Amino acid sequence: SQQGEEDPQALSIQEGENATMNCSYKTSINNLQWYRQNSGRGLVHLILIRSNEREKHSGRLRVTLDTSKKSSSLLITASRAADTASYFCATAINTDKLIFGTGTRLQVFP
Amino acid sequence: DAGITQSPRHKVTETGTPVTLRCHQTENHRYMYWYRQDPGHGLRLIHYSYGVKDTDKGEVSDGYSVSRSKTEDFLLTLESATSSQTSVYFCAISGPKGEPQHFGDGTRLSIL
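Which chain is which? The protein sequence lines are B and R, in order. Per this note's numbering, the very first residue in the first sequence carries number -16; after that it's consecutive. Per this note's numbering, the very first residue in the second sequence carries number 11; after that it's consecutive.
DSS-like cross-link-like pairs, simulated, lysine-lysine; straight-line CA separation at most 25 Å: (1) K80(B) - K9(B); (2) K80(R) - K67(R); (3) K52(B) - K9(B); (4) K107(R) - K63(R); (5) K67(R) - K21(R); (6) K80(B) - K53(B); (7) K67(R) - K80(B); (8) K39(B) - K52(B); (9) K80(B) - K107(R); (10) K67(R) - K107(R); (11) K63(R) - K80(B); (12) K53(B) - K9(B); (13) K39(B) - K53(B); (14) K107(R) - K39(B); (15) K9(B) - K107(R); (16) K9(B) - K39(B); (17) K67(R) - K9(B); (18) K52(B) - K80(B); (19) K107(R) - K53(B); (20) K80(R) - K63(R); (21) K107(R) - K80(R); (22) K80(R) - K80(B); (23) K39(B) - K80(B).
Hints are computed from structural coordinates only; laboratory data are not their basis. Here the structure is a predicted model, which means the values were calculated and not measured.
I would like the entire structure built from these sequences, with the hints used as guidance.
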């Protein structure tokens, strides 16, 4: 079963609106990462938040982590059409591996 | 962008044939990974390597083998391809354990 589950599976918004995606996981983690995937391309790393951090910002991205609820959220503010992509969370536990969720498909309409 | 090249980018082959996919990196990273991506399943780890000649299985390793004889190259082999192995295959690399991974642009493999 998946360690990370994103919610919602799909999200459609207008340009300028904010987009929020959520990720839940099952076991204790070292860090949690968010990735973006444009159609036909590989995943691109966006942001990493460690287990002792609660919030992190990068440009228009804001990530929160609640280890007590085993959940994280990714907020994209002032969305643009170019933000249209799939977004994945990935959890790093005490191994060499990341475990990816099934992703949220974001569509931003001009 | 991290220097990762996957080859071929597309391949169509028949059931029962052997297939080898190549991942080449120019970053001298220790870790290399092979994933497959299928609708509804996200990315699933097939095999990974933590050094030359050091490999381990992932979540969906049955039917696949890997080899890493040089730091820069990680090969994924389907010894006898089956239709269930039709998928998009991604290679990724990373430095330290658990740190961000950098992905290639994938190989679309169709097995008829």
